[in-house]
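Chains as they are written, first to last, in our numbering: chain A, 1 to 253; chain B, 254 to 506; chain C, 507 to 759; chain D, 760 to 1012; chain E, 1013 to 1265; chain F, 1266 to 1518; chain G, 1519 to 1771; chain H, 1772 to 2024.
It is worth saying that the hints were derived from the structure and are not from the lab.
Note that CB positions come from ideal geometry on N, CA and C, so glycine has one too.
Treat the hints with care, since some could be wrong.
[To be verified] Label pairs and their computed distance ranges (CB to CB):
id: 1; chain 1: C; residue 1: Glu514; chain 2: G; residue 2: Thr1535; range: 17 to 25 Å
id: 2; chain 1: E; residue 1: Arg1082; chain 2: B; residue 2: Glu401; range: 49 to 57 Å
id: 3; chain 1: D; residue 1: Asp843; chain 2: C; residue 2: Val605; range: 51 to 59 Å
id: 4; chain 1: E; residue 1: Ala1078; chain 2: H; residue 2: Glu1873; range: 27 to 35 Å
id: 5; chain 1: C; residue 1: Val605; chain 2: F; residue 2: Thr1341; range: 54 to 62 Å
id: 6; chain 1: B; residue 1: Pro349; chain 2: H; residue 2: Glu1873; range: 26 to 34 Å
id: 7; chain 1: H; residue 1: Arg1785; chain 2: E; residue 2: Asp1178; range: 21 to 29 Å
id: 8; chain 1: D; residue 1: Val858; chain 2: G; residue 2: Thr1535; range: 48 to 56 Å
id: 9; chain 1: E; residue 1: Ala1078; chain 2: A; residue 2: Gln63; range: 33 to 41 Å
id: 10; chain 1: F; residue 1: Thr1341; chain 2: A; residue 2: Gly86; range: 48 to 56 Å
8 protein chains.
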Amino acid sequence: MLRSKLAELIAAVRDGTVGTEEALDRLEKLPYEDVGFARIDHHRTLRRGMPEVVYAPGKTPDQVLAIVDRMIASGTPVLVSRVDPGVASLLACHHPESVHHESARLVSIGGVDRRQGGLVVVVSAGTADIPVAEEAALTAEFAGSPVERFYDVGVAGLHRLLPGLDLMRRAACIVAVAGMEGALPSVVAGLVACPVVAVPTSVGYGASFGGLAALLAMLNSCAGGVAVVNIDAGFNAGFVASLVARVASAEPR
Amino acid sequence: MLRSKLAELIAAVRDGTVGTEEALDRLEKLPYEDVGFARIDHHRTLRRGMPEVVYAPGKTPDQVLAIVDRMIASGTPVLVSRVDPGVASLLACHHPESVHHESARLVSIGGVDRRQGGLVVVVSAGTADIPVAEEAALTAEFAGSPVERFYDVGVAGLHRLLPGLDLMRRAACIVAVAGMEGALPSVVAGLVACPVVAVPTSVGYGASFGGLAALLAMLNSCAGGVAVVNIDAGFNAGFVASLVARVASAEPR
Amino acid sequence: MLRSKLAELIAAVRDGTVGTEEALDRLEKLPYEDVGFARIDHHRTLRRGMPEVVYAPGKTPDQVLAIVDRMIASGTPVLVSRVDPGVASLLACHHPESVHHESARLVSIGGVDRRQGGLVVVVSAGTADIPVAEEAALTAEFAGSPVERFYDVGVAGLHRLLPGLDLMRRAACIVAVAGMEGALPSVVAGLVACPVVAVPTSVGYGASFGGLAALLAMLNSCAGGVAVVNIDAGFNAGFVASLVARVASAEPR
Amino acid sequence: MLRSKLAELIAAVRDGTVGTEEALDRLEKLPYEDVGFARIDHHRTLRRGMPEVVYAPGKTPDQVLAIVDRMIASGTPVLVSRVDPGVASLLACHHPESVHHESARLVSIGGVDRRQGGLVVVVSAGTADIPVAEEAALTAEFAGSPVERFYDVGVAGLHRLLPGLDLMRRAACIVAVAGMEGALPSVVAGLVACPVVAVPTSVGYGASFGGLAALLAMLNSCAGGVAVVNIDAGFNAGFVASLVARVASAEPR
Amino acid sequence: MLRSKLAELIAAVRDGTVGTEEALDRLEKLPYEDVGFARIDHHRTLRRGMPEVVYAPGKTPDQVLAIVDRMIASGTPVLVSRVDPGVASLLACHHPESVHHESARLVSIGGVDRRQGGLVVVVSAGTADIPVAEEAALTAEFAGSPVERFYDVGVAGLHRLLPGLDLMRRAACIVAVAGMEGALPSVVAGLVACPVVAVPTSVGYGASFGGLAALLAMLNSCAGGVAVVNIDAGFNAGFVASLVARVASAEPR
Amino acid sequence: MLRSKLAELIAAVRDGTVGTEEALDRLEKLPYEDVGFARIDHHRTLRRGMPEVVYAPGKTPDQVLAIVDRMIASGTPVLVSRVDPGVASLLACHHPESVHHESARLVSIGGVDRRQGGLVVVVSAGTADIPVAEEAALTAEFAGSPVERFYDVGVAGLHRLLPGLDLMRRAACIVAVAGMEGALPSVVAGLVACPVVAVPTSVGYGASFGGLAALLAMLNSCAGGVAVVNIDAGFNAGFVASLVARVASAEPR
Amino acid sequence: MLRSKLAELIAAVRDGTVGTEEALDRLEKLPYEDVGFARIDHHRTLRRGMPEVVYAPGKTPDQVLAIVDRMIASGTPVLVSRVDPGVASLLACHHPESVHHESARLVSIGGVDRRQGGLVVVVSAGTADIPVAEEAALTAEFAGSPVERFYDVGVAGLHRLLPGLDLMRRAACIVAVAGMEGALPSVVAGLVACPVVAVPTSVGYGASFGGLAALLAMLNSCAGGVAVVNIDAGFNAGFVASLVARVASAEPR
Amino acid sequence: MLRSKLAELIAAVRDGTVGTEEALDRLEKLPYEDVGFARIDHHRTLRRGMPEVVYAPGKTPDQVLAIVDRMIASGTPVLVSRVDPGVASLLACHHPESVHHESARLVSIGGVDRRQGGLVVVVSAGTADIPVAEEAALTAEFAGSPVERFYDVGVAGLHRLLPGLDLMRRAACIVAVAGMEGALPSVVAGLVACPVVAVPTSVGYGASFGGLAALLAMLNSCAGGVAVVNIDAGFNAGFVASLVARVASAEPR
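Just chain A, same shape as in the assembly (with noise of 0.2 Å):
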């Protein structure tokens, strides 16, 4: 719509409705207001095909419900994460197709039918952890990508790792989720060929300091190939997850 505001712009200066000063001044304000910019907006939306995302906390229960309000109104998918049972109810309350993860805190409503690009998978390492793998794995679903689990492998017993090596090895992504000592990420991205996304989790005690010590692990991997999010980033690894697995389906540049 940009452009169309800027051919009446242009057809205005064409025939004389709107004189060079005005033209000059509205040009000059445009891309910095409403037009240029929501251009990049509808741009990333469009390419992304990642429908917008409500972090909850720090909203009152009436704001998350207003924006997914005018989110809905507007045709948009959308993702709420981090939601209470409370906020989840009034959600439910007025959008009854709306569905609530418990365990992954996360209300979708709408979202992307068709599965395209490639796998991602999305690998555990302890029980404790399956929250956050859970919303790396609804995230990049509500994305559009397909996804497999392969949750409850740690470092300490490989051989429950090992029986998803053909799984893994089929991944165009995989995120990597653990807390403790975080070494799950290292093993996984030595075993195979795609770039792993790191999830470290707040799961552990004492010197695990909320998830610190998982975090500098799997920042310090010593196999290439290992990026890593935040500490409980379930949707962003599935975010960036579902980007990397796009590419997959992308047309040749």
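Given the coordinates of chain A, work out where chains B, C, D, E, F, G and H should sit on it, guided by the hints.
Positioned in the frame of chain A, the structure of chains B, C, D, E, F, G and H alone reads:
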């Protein structure tokens, strides 16, 4: 070659040269020694198309040379990272075909000729970040990716960043390198659709704490789609970006 | 009144009522007690035009009330910060003219009516940063500055920030409030000419470490002209901004 | 010049030289390239009246010289910060009019002659803090502010601080520089009405952790009106102070 | 059973039921799936004689129960650590033979009857350290080690420590538990000849930073022979000590 | 009583009841058990004149009561620190003579009547620091020192501090309590001649990191003569101050 | 001399040479300039009996010399701390009576001859801690205290500590110096009745983090009566100890 | 010799040469001086079979030599750790029989000939970790343990680790040395039954923070049976491992 070793053993079992017990023993040990997991290794080299990299620090010049010699002998292109001038000279003396990329502290011998996969774009914030950015760019090139550079675009002067928009939007993966407050990846990720690999650098002073400030900022990016590597880890960033960009040319799965 | 006390003493010396020794004693003690430095205090109130502020945490409700009572009695407008609802109710009960700004956790009683000095603009990055931003904005207003708000403008969507350019360029001082990666002040400072007071918030999770990531990012801003206050310190930011903006209307020196 | 470029385009549209489609394309790209935001830049230089500053560390001597050359050629006064003696000599060789402020590690070429705006007062705690204090003072002077220095006034000897009271009370902005426990800004801010820019220095040992102790102390100042810059960031402190003091002489808005 | 699976395959190769290609395929996959490493697992259980342990936090009560049920069904004794009262009650309801060690937050079901190997001695510094010490002692007992406790012996009262000298000198391994300054392991290690497993606890306040002070002190012990586990990690300390003490009764190699 | 035990042994040796070997054995063990070091303990109580203190956290109410009962039974005055109201009530029920100092979270039973030694002065910066200051003051009083309090004297209002100069100069030891930037001890130490015991408190928010900022500031005090205790450690500060002040009345050595 | 200045003024008022207004002006300024607080200063020197100390780092050799010259000229004994050999030589050249204590990095010129007050005992843990211990001991001696040293007594060999018991029990104040785990002060404080000044040193490696481990341990000492100074702060420890010991000889108050 | 001293005293008591009072006095002091605890010392050397170790840093070359001389004179084998080449040469000059292990920075003079106890296996992750691994291996050998090395087995290439399985399973104790993400001990502990002593190294860069990342990872190992020593603490790891392995050959208790 694993396969041929196994074929030999199977033949020997079949013609009775090797008895059941001995076959059992050899099979049990095989995968842990130099056969089963060497296949994994081979597989990695094959699929990743990434030749081995030698991280020079902590190795004596002679150790570096010996490793490089063996790799060259086996026909593998070699990338040596974090080389100081002395090591570079030693390598140049023994391998005159070696190329020393001084600011990036890399020495490459051989490499992948054909450019393949999606475009990798490396953006960096300040002049002092260029060595790390170059390490990323050269690594991605070494791994066979087409690479474009776009340097010296700090967030305090957005006008310098925006001329690169078209370039960045053609990327399959962007490497964003920044020290100090490390805000570049957030701004970049808000403008494009591809994944962004963020590299914090140790550029800065005082409360930058050797790159910690930039690292934390990048991990906390409010823009989805950003994953982070270690401080000054240009090599790993280039490696991850190349893996991501390669997905772009992979066969459909 | 110091002056009058001193004048009395001088008179008493002159007419011999007070001897040299006693005069010496009283003069030596005077400035340390309740005279000399009370003048300083008076001077501060006078020039700063900033009424006293009561920081509620760590004080019992009764202590807060007692302090407020005394200040009201002396005709001073009062700002109470970080009030919880119980304290606000107690104050409302005793001082029906008090105003409770809930999201900013402030209670004001009285205040400066006339707006004077330059414009203070408060910008904030996310919805969750608004309480801190409001604390800053209300404080600056309470101190007499004209204030404009411009909220929800994160660096991952520059198009949302730019419509505020004109507003920001009219400011005598900008307060920039952000959590997570804390990049907003750098971007803002690159666009304007006035000083920017950066306020990191504790909004975020994981490696934001309660606002530390944003704090470090702001301290390391590559854009000159940014100064930083404590995490979530909306009050102090508003106070500093008001002091800066007031300079704008000061008499030439 | 953006305006003239736009005027050309409008003229071309009007006389039909440029068609609608082409005009649309050029208008869409214009602001992101070298037009719209270059105006911003120009605007900044104009209003801030602050010539560009070159931060030397991480740049080769030749890079520094090249940048300085280009700036001098365009008639801009230059301030180079954190220069080591070698770079200073190189600059002196090519630009004999350059001035090397050794203890502050600054080289200035040209500068603002006329002193304007309010007074900047720089106070510092110990002898070892003087280089950082000088960096602040010289920067503010370079930016055109009248500056007064008041050094070696630690909080453990209040009597040394108080003779400067009159001076400090005439300031439009005070820069307070201190290492170790960093208490000076709190004490100063309690005595004056203007904003205080606090600069922690890395002076100290042991648990000063390179200035962290002073930084944290300043961020937690119980005295309102204190904002903080990075450790040893004399340049930025002088810059902020000059911006604040300049407000003092600005036209009413 | 790996051996028997392999024997079957060898027989099938020999009698021609399985062709070379298929044999190659199955052999390549075998060790990564459920054969080779399951043997490792079996081996571990066998040699360690340590039944599985279920770490309760991060698991739902139902998950804990399900895991315990399966383990009991397979005849394995079970130790559940960090149980809250609700989980303990649930387990008691379904497994009346379970024993709840409240202060140590452990539930054991079954366990090793026969005491074997060297003596484990658990010493602790303060009353508040006893829960962690008990977790260590009960774990070591559960693993079959004879255990003696010697509690409330802080370094500020050496006379309380010394009566335990004889006991400590009979130990094959000592677990030393302490919060606050964490000095107990250093003092103990200076008095005995066996290895000391140091357990920092989160007992303390202020600059103990949740046990960090004790952890660092123990890692820096000037007394050789001290190795450290995570903060509050009573279970792991008891496990390590039991492994060490078990060596005492191992067959000569 | 050690002496009498030894005397018995000597007698037994002399009259031959105990043989040389047995005597050797008993002598070797004696000091480590319950004799030699119990003397030390006795000696401490005697000289320090400081009754035992029970630190309540981490102990069950019953454990606290049991310890107090035994101490009362042996005629020792008792100070229980960090008591919550439940424990205070329990103690009041069993020991009606107990006194609960609520804000300081102390319960005292008995105590030293006679005031002796030099004066301890407790100064504190803010209202919220008073509980810690009271813990210090009451502990010093309990230990027998004359104590004066001087509260609410922050460094941002020096005029409030100076009226206490005379008082502070009469002190044998000053306890200076402050949160936030923790500057009070530096300022105080610059004004007096006696040792200053600095107590950082956890009062503050954001980058005060639970008192860390104040702690570091105090450790880095530029004023000689300041020694520091743990965050919020009012008890230990009062204890140290009382030991120092007691020296004042000690016999010449 | 303040008194005489005031006397002059009073005389001038009385004889009419100075009018009321002028008297008011001069009286108001007096205490902040060179009169009131210089008295404080004088008072400090008088009572503390501690000559000035010059901290050399961050000062040029010429600055150090100039300060020393002025102090010597005014008859004050001087202690220069943290001197490197160059500065020591320079001082020796100009002040041949200067004494260079190499391992303690101190230069003293003049000093207090008469030993007075209680005994200061300096104990240290390892050979590498001796320079810091010597800095403490020499400072206390310089300040006039009788000092005894007792070095190389680590907690891992209690038998080395105990022969010093008698000595330590005669102390008015003990300085306990230790690196690594920093446990010495806790053990010492448990054996004596006087206050213990703990000095953490940067001796150690790895997780000692430059003395942080020892610092935290000392702050968390379970033994009452321990106060802590900065890492490697031998000078301040000796200063505090001397102040404490001096109290011992003070007149009763 | 304690025993003989005591025997003398007992004889003297018996024959009346020493009276009761004097005997009491001497007995009270005896254990604190050079008798009781020297026995402890002797006992340690005897049982531990570990000769004394001299930690060179922080000692002058002459101090090191003097200590070594005294130990050699008393017939004790000596291990000097962290020696730089100068000290090694000095020792070689005076003790030609000394052996300098360069990469491990150790000098040994004499040592234990007979290998005894269980096998110690030292595994390490990267080439740069070898110096620390060698320090551990040589220390364990020096202490008399049979030692096997298995180096350069990182977790990113599991196939390199597994050939060592048989070796590792024969160990009485394994020392696992790793920098960067420090995952090796977790993986190793999952494969074996013996205790694992984990040694983090300072190998790495950026967010490895000098070994902190590896240290935290090891402390948070999800595999039971891992205990940790200080960063780069090869000596202590070898010492602990040798103590553990020695238990293997100890008499049954």
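Consistency of the hints with the structure:
Taken as a hint, the range 17 to 25 Å holds for the pair Glu514 of chain C and Thr1535 of chain G, whose Cβ atoms sit roughly 20 Å apart. Separated by about 55 Å at the C-beta atoms, Arg1082 of chain E and Glu401 of chain B satisfy the suggested range of 49 to 57 Å. Taking 51 to 59 Å as the suggested C-beta distance range, the pair Asp843 of chain D and Val605 of chain C conforms, at roughly 57 Å. For Ala1078 of chain E paired with Glu1873 of chain H, a C-beta distance near 56 Å fails the hint of 27 to 35 Å.
Checking the proposed 54 to 62 Å range against Val605 of chain C and Thr1341 of chain F shows it holds: the Cβ atoms sit about 56 Å from each other. Our hint of 26 to 34 Å for Pro349 of chain B and Glu1873 of chain H holds, since their Cβ atoms are close to 32 Å apart. A beta carbon spacing of about 27 Å between Arg1785 of chain H and Asp1178 of chain E agrees with the range 21 to 29 Å that was offered as a hint. For the hinted restraint 48 to 56 Å between Val858 of chain D and Thr1535 of chain G, the CB-CB distance of approximately 49 Å keeps it satisfied.
Judged by the Cβ atoms, the range 33 to 41 Å given for Ala1078 of chain E and Gln63 of chain A holds: they are separated by roughly 39 Å. Checked against the given bound of 48 to 56 Å, the beta carbons of Thr1341 of chain F and Gly86 of chain A, roughly 54 Å apart, stay inside it.
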